[in-house]
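Q: Could you slot chain B onto chain A? The hints should help.
Below are the chains, spelled out letter by letter.
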Amino acid sequence: MEKWRLLIHQTHDAYTNMSIDEILLKNGTPTLRFYQWSPSAISIGYFQGIREEVNLKACKEEKIDVVRRITGGGAVYHDEKGDITYSIIAPIDFVPSNIQESYEYLCTGLIKGLHLLGVPACFSPINDIHINHKKISGSAQTRRYGHVLQHGTLLCSLNPDLMFRLLRITQEKIKDKYIKNVKERVTSLETIIGPIEKDKIIESLIIGFKKTLQIDFTHCELTPEELSSIPKIRKKYVQRKWNFKR
Amino acid sequence: MSKENGILRGELKVIGGKLLKCQLALQKDIIISLKITGDFFLYPEEKITDLETCLLGCRINLKDIQSKLTPFFQHVELVGADPQDFINLIILTSKEKKK
Chain A
81 MEKWRLLIHQ THDAYTNMSI DEILLKNGTP TLRFYQWSPS AISIGYFQGI
131 REEVNLKACK EEKIDVVRRI TGGGAVYHDE KGDITYSIIA PIDFVPSNIQ
181 ESYEYLCTGL IKGLHLLGVP ACFSPINDIH INHKKISGSA QTRRYGHVLQ
231 HGTLLCSLNP DLMFRLLRIT QEKIKDKYIK NVKERVTSLE TIIGPIEKDK
281 IIESLIIGFK KTLQIDFTHC ELTPEELSSI PKIRKKYVQR KWNFKR
Chain B
1488 MSKENGILRG ELKVIGGKLL KCQLALQKDI IISLKITGDF FLYPEEKITD
1538 LETCLLGCRI NLKDIQSKLT PFFQHVELVG ADPQDFINLI ILTSKEKKK
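Chains A and B, in that order, give the protein sequences. FYI, in this note's numbering the residues of the first sequence are 81 to 326. FYI, in this note's numbering the residues of the second sequence are 1488 to 1586.
Heads up, some of the hints might be wrong.
[Stated by the list, open to error] Restricting the straight-line Cα-Cα distance to at most 16 Å, the calculated cross-link-like pairs of lysine to aspartate or glutamate (EDC-like) are:
1) 325(A) - 1533(B)
2) 325(A) - 1564(B)
3) 1534(B) - 1564(B)
4) 325(A) - 1539(B)
5) 321(A) - 1533(B)
6) 325(A) - 1532(B)
7) 1522(B) - 141(A)
If you're looking for bench data, these hints aren't it; they were derived computationally from the structure.
This is chain B alone, in the form it adopts within the complex:
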């Protein structure tokens, strides 16, 4: 985990699964930029940008992120991680700012 130029960086290794990485920028508690990378599989692949954009403007808390991502994951197939791993990754990365 690290913070550089206002960008928070985090990683989450899913046990028996894939490595998820996150780059996150917050203004107060609002997500203003988000990028999720890693060696997971998501079908269709181009939907990853929908995941990232649907969270822009979202408050960084479990309930708000969950309510945005639950409908998203109903329309894609994920291999190597669970939807909850993505949520945990984003929350974990956001905690970097408090360190």
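Only chain A is shown next, with the shape it has when bound in the complex:
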């Protein structure tokens, strides 16, 4: 069985979190990483307009960071308490060459992990995981330097009033979803199975990835080289030039 690096127990601010994912992608060492965000933050997709997607005034009031990802996809609210984010870095030939298929392939690990928790999760194209037709996880992917990075979020608990005050989501966005408003579109693990410790969720997701991707994981920390690269890369993610580029 192939061996990959496993990084857990990582809580950073938005800019550091995005820097670490970029550094891991450049290095290319096959890695599964779980992380959290402090303070709470919004990440927006590479192509999104920051003012179109985010209520910046509300973010300032709530002390929420906003960062642009190197991956496409939509804006995500990462609650300090209610979010687990994962990233996978793998050689490009580890995943199906068809991008749509590769999302589904990598998401099977999360889905298996959720099944182990008794949650009837299923893949919902293009890049989401749903429970009872509601979104609990979304992922985004980029391919560079011969490697693939897929990162995504899992909603452990939910504060829909805050989430949808911070995010600007128009009716146009949900017009093919057969729901009346955006709050009906999402769910969380807590809503489905009640309160559950994050460590228990992560443990289950690791088993899910191990079983579906046929990978053995070794607990590691970031290498000294990776740690020393963070300040330089982080500068990009803090800059207005990057975050307001679209």
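A: Leaving out everything else, chain B in the frame of chain A:
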């Protein structure tokens, strides 16, 4: 759809796909500024600026836009929308000026 300070704004939701947004400025029928945003996926990502710049100076009609964008989409991979959705979005946004 809206028009503000000469900038036309449009949106197109791809059924079963992603939401595309457009900011467009025209001088007579010529594109002088264009920005496409949204939650789609395009690989490699930085090519989005090539898409926007290759249409500057292009006349706003289906045939001219198609002839500029067809070669562009041969060199990128798009997920969550089709090339035709981008073309439709730009045409749809341009019609805002006639309202």
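Q: Now look at each hint and say whether the structure bears it out.
A: Outcome of the hint check:
Between residue 325(A) and residue 1533(B), the direct Cα distance comes to roughly 12 Å. Compliance with the 16 Å bound is thereby established for this hinted pair. This hinted pair does not check out: residue 325(A) and residue 1564(B) have alpha carbons roughly 22 Å apart, beyond 16 Å. Proximity of residue 1534(B) to residue 1564(B) is assessed by CA-CA distance (about 10 Å); at most 16 Å being required, the pair is judged to hold. Distance hint between residue 325(A) and residue 1539(B) is fulfilled; the C-alpha atoms sit about 14 Å from each other, no more than 16 Å.
Restraint check: the Cα-Cα separation between residue 321(A) and residue 1533(B) comes to about 15 Å, which is no more than 16 Å; the hinted pair holds. Pair hint residue 325(A) plus residue 1532(B) holds up; C-alpha atoms about 13 Å apart against a cutoff of 16 Å. The suggested pairing of residue 1522(B) with residue 141(A) is violated, with an alpha-carbon distance near 29 Å, which exceeds 16 Å.
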